[in-house]
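Knowing the structure of chain A, use the given hints to seat chain B on it.
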Amino acid sequence: MKYFDYAASTPCAQEVLDQMQPYWNEVFGNPHSRSHQYGWESEAAIERARTEIAYMISAQTDEIIFTSGATESNNLAIKGFVFGPNMSPTKRKILTLATEHKCVIESFLHLKNSGFEPHFLPVEKSGLINLEMLEKELDDAAILSIMYVNNETGVIQNIPAISKMCREKGVCLHVDAAQAFGKIAINARDVDLMSISGHKIYGPKGIGALFVSKMPRVRLSHLISGGGQERGMRSGTLPTPLCVGLAAAAKIAKEKMQEDFKRAAKFQKQIIKQVVEKMPHIYINGSLEYKIPHILNLSIPYVEGESLMMRMSDFALSSGSACTSKSLEPSHVIRAMHPDDEDLAHSSLRICFGRQTKQNEVDELIASLQKHITELRELSPLWSMVQKGIDLKTIKWQDH
Amino acid sequence: MVYLDHAATTDLLACAKSKIIEVFEQWGSGKYANAGGLYKSANNSAIYLEQLRNKVKEMTNMPYVVFTSCASESNNMIFNHAKKVVTTKYEHPSTAKNPKAILLDSIKNLEQELEKEPCIFSICGVHHETGQIRNTETLYNLCKKHYCKIHIDASQMKTLPAQADFLTLSSHKIGGPIGIAALCSHEPIKAILFGGKQENDMRAGTQALPLISGFVEALEYMQLFDKTHFQKLKKALKEQIEPSYMLENYAQDNFADHIVCLVSQFPASEIAAFMDMNNIAVAIGSACTSGALDGMKILESFDNLPENIRNGIRVSFGYKTTLAETNYFCQKLNAFFCKRTSKAL
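Sequences listed follow chains A and B, in order.
Its first residue numbered 35, the first sequence is counted upward by one per residue in our numbering.
Its first residue numbered 178, the second sequence is counted upward by one per residue in our numbering.
Same shape as in the complex, but just chain A:
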């Protein structure tokens, strides 16, 4: 199996496993135990981890809250804010993009039942939001939830500019940085809330974090109540080994950020040269200029994304995000970027490069893509029509 799905999950790095090791059964105390050394040692390890994570995004130690993952962080940020004490009772408008992760979209949809007005803002073909349009939309809005780096296309939103607008208009800015943290330099001071994931950066599964700004102060209502851990915003015993693992992974990600970026850029360039430029009618989804090279999303019209993946079963690829790909629905992200061309969403393919990606794997991927795209297109009646110069959009399909 050649793995090209690093945006879905990354394997936990050996160094991270090693650093977690003592916290499983040596320094194993409950970090909330106040009456003995076992508890104090665990607590100290957690606070060290918190500081390291905070340092990476220019935050303060106590602005980091540990959660079970980015999905929980996103749920907590959005629901916690709108039901929290910072929420203006007169504001009902809540904003996000049509290209967000399912957990943000679902959270927004659910808030409809509580009387909120979710708006799913469109994006341009590049995947970027139009800042002029956003500025208008921000009027009367309570919160904007936006992904720093899109999980399907790798497109980077202009967070510093968006942050400025949100600050001017008094809108809370939540940034889902699951795909950005550890891959590009990010500054939490631009935002009010920011979600972080462990298993996307070669850390352990089952851990994530939420940055909750203290300057300006953002207060959240909790999703999980109980012992009042994490400043009352998230109860539950903190998993010491996982917190330590998240910090260890973050530290390595920071050290290897440039190296990882360069490697991904090299592989991305090869795919573009050998597949996108060599073969007709293959499109890159999202702006190449504002994009991380770790994620490359292609649309290959006249080829069903799923049929291609089935033929290439040696390769771990996806047609969308892991959270939604099982449903076989076309990607809502690509659809939002190309509302007038359904086909592009149906034929999308996400290729991700990671720390373990090898040159020979990329070579094999290129060869396999070339072979199977050609073969599948030869089988497609649509493709032969296109070859004959028929514009498919002019055909009136008959319903049967």
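Everything labelled a hint here was simulated from the structure, so no lab data went into it.
For every residue, glycine included, the Cβ atom is placed at its ideal position computed from N, Cα and C.
Incorrect hints may appear among the rest.
[What the hints assert, rightly or not] Below, in silico cross-link-like pairs of lysine to aspartate or glutamate (EDC-like), each with a Cα-Cα straight-line distance of 20 Å or less:
{"hint": "1", "chain 1": "B", "residue 1": "K374", "chain 2": "A", "residue 2": "E363"}
{"hint": "2", "chain 1": "B", "residue 1": "K194", "chain 2": "A", "residue 2": "D52"}
{"hint": "3", "chain 1": "A", "residue 1": "K125", "chain 2": "A", "residue 2": "E151"}
{"hint": "4", "chain 1": "B", "residue 1": "K274", "chain 2": "B", "residue 2": "E290"}
{"hint": "5", "chain 1": "B", "residue 1": "K217", "chain 2": "A", "residue 2": "D348"}
{"hint": "6", "chain 1": "B", "residue 1": "K208", "chain 2": "A", "residue 2": "D96"}
{"hint": "7", "chain 1": "A", "residue 1": "K198", "chain 2": "A", "residue 2": "E171"}
[Said to hold, decoys possible] Output of the computed footprint for chain B on chain A, the stretches with three or more beta carbons under 8 Å from beta carbons of chain B:
{"hint": "8", "segment": "54-63"}
{"hint": "9", "segment": "135-141"}
{"hint": "10", "segment": "232-239"}
[Stated by the list, open to error] One side of the interface only, derived from the structure: several residues of chain B facing chain A at Cβ under 10 Å:
{"hint": "11", "residue": "F201"}
{"hint": "12", "residue": "S249"}
{"hint": "13", "residue": "L291"}
{"hint": "14", "residue": "P354"}
{"hint": "15", "residue": "I355"}
Quick look at chain B alone, frame taken from chain A:
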């Protein structure tokens, strides 16, 4: 060091640890991947995950099992799931402190509350601070009589209850990894966390397969573990400690063998500090509330307890706690009491 706070958390079992590391490493070598993918390694994860889930279903006899991040999350899901949840004010804060909770002063008042309207009654099977065993069978039948449902938080139980409508299982209390738990039920549960379609739409978020594998390993270990181990330790403790210090002598209830609450007129923090000097770890209340100064609130529910005794320490045994460790603790505790009572005189 003598660790006697296994009810707060216990060390990871060797079998669970090797399982977790194995799955983490197999993930690294390409056997497993995010279960949401469409390729082979993702499928391996999905299949393995369902195998693990089926094991929990069999153990609990419950058709729905959702893996969560902690018992607090599982308990919170109950409050999200039902319109009305009744519990007692002495339960774990993850239930008793829920803003929606209807708090009873005593289980004696339960029937009165159940009669009003159908609801869920939530209770710890074994109380986390005192070790009191709740008569879950009687409570189950009482709930059924009034068309109500019962949620049992089994975090501190070493034997799973025979019947329940909802059941919270915690991994790190039984020797599994920390950061994983489960909520089992007879019906689909409403989600708190929205997003992908994981856990049959009942809990979004990529499943932490390595942790789940370690958790199930620990559940299996617990089921096979010879529980007379705890009996022996408690017996040794009872033989050495004066009965007036044992909380269980002030009540009619049954008490678990692995959690012992010791009460006295001396501040619990003083005893804990003395124990810490002697390299013994004990708890003052539960870890979740131990920052609080109000001591063990539940002691007020013991009618026979003398007025001046409002302080308790909790001693809890693990799978590997030895008789020698227990004896050492008793010796030190007696030394403390001896020193303090002579001073008091």
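For each hint, the structure was consulted:
The hinted pair formed by K374 of chain B and E363 of chain A meets the criterion: a straight-line CA distance of about 13 Å does not exceed 20 Å. Distance check on the hinted pair: K194 of chain B and D52 of chain A sit about 13 Å apart at the alpha-carbon level, within 20 Å; holds. With a C-alpha separation of about 9 Å, the suggested pairing of K125 of chain A with E151 of chain A holds against the 20 Å cut-off. Taking the CA atoms of K274 of chain B and E290 of chain B, the gap is about 19 Å. The hint holds against a cut of 20 Å.
In summary, the hint linking K217 of chain B to D348 of chain A is supported, as the alpha carbons are separated by about 8 Å, within the 20 Å threshold. With a C-alpha separation of about 38 Å, the suggested pair K208 of chain B and D96 of chain A falls outside the 20 Å cut-off, and the hint is violated. Distance hint between K198 of chain A and E171 of chain A is fulfilled; the C-alpha atoms sit about 14 Å from each other, no more than 20 Å. Coverage of the segment 54-63 of chain A by chain B holds [criterion: at least 3 residues with CB-CB distance below 8 Å; count 5].
Counting residues of the segment 135-141 of chain A whose CB lies closer than 8 Å to any CB of chain B gives 6, so the stated coverage by that chain holds, three being the minimum. Chain B is given as covering the segment 232-239 of chain A, and this holds because 3 residues of the stretch bring a CB closer than 8 Å to a CB of that chain, at least three being needed. Using the Cβ-Cβ criterion of 10 Å, the hint placing F201 of chain B at the interface with chain A is satisfied: the shortest such distance is roughly 5 Å. About 4 Å separates the beta-carbon of S249 of chain B from the nearest beta-carbon of chain A, less than 10 Å, and the hint is met.
Among the interface hints, the one on L291 of chain B is violated; its C-beta lies about 24 Å from the nearest C-beta in chain A, farther than the 10 Å criterion. Nearest Cβ of chain A to the Cβ of P354 of chain B: about 7 Å, under the 10 Å cut. The hint holds. The beta carbon of I355 of chain B is positioned within 10 Å of a beta carbon in chain A (closest approach about 4 Å), and the interface hint is therefore held.
The structure fails hints 6, 13 (numbered hints given earlier, in ascending order).
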